[in-house]
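Peer 1: If you read the sequences in order, they're chains A and B. Reading the first sequence from the start, the letters are residues 1 to 106 in this note's numbering. Reading the second sequence from the start, the letters are residues 1001 to 1439 in this note's numbering.
No lab work stands behind these hints: they were computed from the structure. Fair warning: there could be bad hints in the mix.
[Claimed, not checked] If you want a taste of the chain A side facing chain B, the calculated C-beta under 8 Å gives, among others: (1) 62; (2) 63; (3) 66; (4) 70; (5) 75; (6) 82; (7) 89; (8) 90.
[As the list claims (entries may be wrong)] DEER-style ranges, computed between Cβ atoms: (9) A:68 / B:1345: 19 to 27 Å; (10) B:1332 / A:66: 46 to 54 Å; (11) B:1076 / A:68: 47 to 55 Å; (12) B:1138 / A:66: 20 to 28 Å; (13) B:1074 / A:66: 47 to 55 Å; (14) B:1321 / A:66: 14 to 22 Å; (15) A:68 / B:1102: 18 to 26 Å; (16) A:68 / B:1332: 19 to 27 Å; (17) A:68 / B:1053: 32 to 40 Å.
Glycine is no exception: its CB is placed at the ideal position from the N, C-alpha and C atoms.
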Amino acid sequence: MKHLLVTAAAACAALACVAALVSGCHTSKATSEQSTVEAVGTVGGEQPLKGGAQAWAQNCMRCHNLRPPHERSDREWEAIVFHMRVRANLTAEEHRLIVEFLKAAN
Amino acid sequence: MSSGAFAQEGSTHDEPVTREEFSKLLDEFRQFKKESEALKNENAGLKNELAAMNGRLFTLTEEGLQAQIAKAAAAERENLLRELRAETRVQINSLLPGLTNFSLGGGGVIAYVDRENSDSTFALGIAPLILWKPTDDLLFEAEFGFSLGAEETNVELGLAQLSYVVNDYVTIGGGLFRLPFATFWERWHPSWINKLPVIPLLYERGLVGPAGLGVQARGGFALGPTKVNYSAYYINGPDFQTSQVSAGRLGFGNFRDNNNNKGFGFRVGFLPIPEFEVGYSFFTGRVDDSGGVLSDVDTTMQAIDFRYAREFDAIKGRLDLLGEFVWVDTDDEIFTGALLPIVFDNKRRGWFVQAAYRPTQVDFRIGDKFELRNLEFVARYDWLREPGPGSLGTDDQRTTLGLTYWLKPNVAFKVAYVFDDAHGDKNQDGFFIQAAFGM
Chain A
1 MKHLLVTAAA ACAALACVAA LVSGCHTSKA TSEQSTVEAV GTVGGEQPLK GGAQAWAQNC
61 MRCHNLRPPH ERSDREWEAI VFHMRVRANL TAEEHRLIVE FLKAAN
Chain B
1001 MSSGAFAQEG STHDEPVTRE EFSKLLDEFR QFKKESEALK NENAGLKNEL AAMNGRLFTL
1061 TEEGLQAQIA KAAAAERENL LRELRAETRV QINSLLPGLT NFSLGGGGVI AYVDRENSDS
1121 TFALGIAPLI LWKPTDDLLF EAEFGFSLGA EETNVELGLA QLSYVVNDYV TIGGGLFRLP
1181 FATFWERWHP SWINKLPVIP LLYERGLVGP AGLGVQARGG FALGPTKVNY SAYYINGPDF
1241 QTSQVSAGRL GFGNFRDNNN NKGFGFRVGF LPIPEFEVGY SFFTGRVDDS GGVLSDVDTT
1301 MQAIDFRYAR EFDAIKGRLD LLGEFVWVDT DDEIFTGALL PIVFDNKRRG WFVQAAYRPT
1361 QVDFRIGDKF ELRNLEFVAR YDWLREPGPG SLGTDDQRTT LGLTYWLKPN VAFKVAYVFD
1421 DAHGDKNQDG FFIQAAFGM
């Protein structure tokens, strides 16, 4: 058990180091998907959460290609994005923004 | 000769002025005259400017009013159109049958496989996913797998779970769900998401199973400019393989618990920037049968996973990096059977890293069918170490190189070659072709 806890602590420390390293190397250069989005609100902290298009691009693109909004109806997007919230552990705000964006853009 | 015409200012008697005084007075007079002329000219100029300003003021006021009127009219038209659109949407939705949201998704694959030391074959599988959202807070999802076996059709229930949003930070659920251990099974195992036609070696060998039957709680929240997500679950857990071939491995195909102990696990993910996620997973549970000959065999699984995906102008495309490191420690046990009784250190290790590049910003076409920006170059390296009695232990490495052409964001044609290096077993180099689609 002690060995386990030490391993878990070491793993968390390694993760924290990697995360800090990546954060330090990151530049704020906007991507083509981000450049057309306007900020519409904040989610705690200092950095404002961009609009629905940016939330959609940032979160969905991390795992798969972006699906065009016109592929599905409003009702289907509500069910699909709920499913994605569970799978990808989206925040409540991201869920709301992405659904609103897809319904407005389809 | 002096002039008596001008008397010096302030003088009280008529005295003749000198020539110098007269000259001075004349100069002053001329200066005054000059300044007077200048003032007259300036006055005339000011009058002209004033007239012009009055004219412009009148013009601006009239144009300004007209522009304001036009702008207000456009804004009002826009608002009216927005309200009309929302109203129409509500009316259309009200005409749709039922009050619940249903969606059909999932995907399928058609493949050809040709590997050393085995017969080449075509293969087929489809996995429809049903989503049903009866309320804003409730979602039911079920996934089925249909594949063609040697002489039969295999049917399996991939997942069937109910999820309920308690609040912004907690979603609870129960049923058969994709195991929140690392990310492969939960997020990118579908064929239309996986960029290669083969799955990572450690999952192909079953080091960690795809699903668990039990309950879970999960969520995500912002932490300053970063984000944290979590998943915690309590499941029946895997069982313990004691056959000669699979000695010491965990079996994840049991849906009735084989003992009175449940398995507990969690995953924590951290996103310091939106493009990068790193996670740590942990699971522990008892795996041997209740009342069996084995004595309380416990297992502990841990994993670290990461993913980084971003577009870079410098390379005119998108880079996608991911990897998982998994280690499974199971208590040592004595295995019998065809082999002499033997105990081995039951520690299994596996990891892989994958890199993909897609030139999304390169505009090169061949005819109407091929665009270079839809071609993705993918490479994966797998490493797996599994102990076992005698020669059953394996130590495998695999390099997979592939090309994936995205006909659509959810439809891909994949070609890959696997360089297999299996120590203690036969190599299985192979050529894979796959057409994958997602609904």
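Peer 1: Would you list, in rising numerical order, the hints stated earlier that this structure does not obey?
Peer 2: Numbers 4, 9, 11, 13, 16, 17, in rising order.
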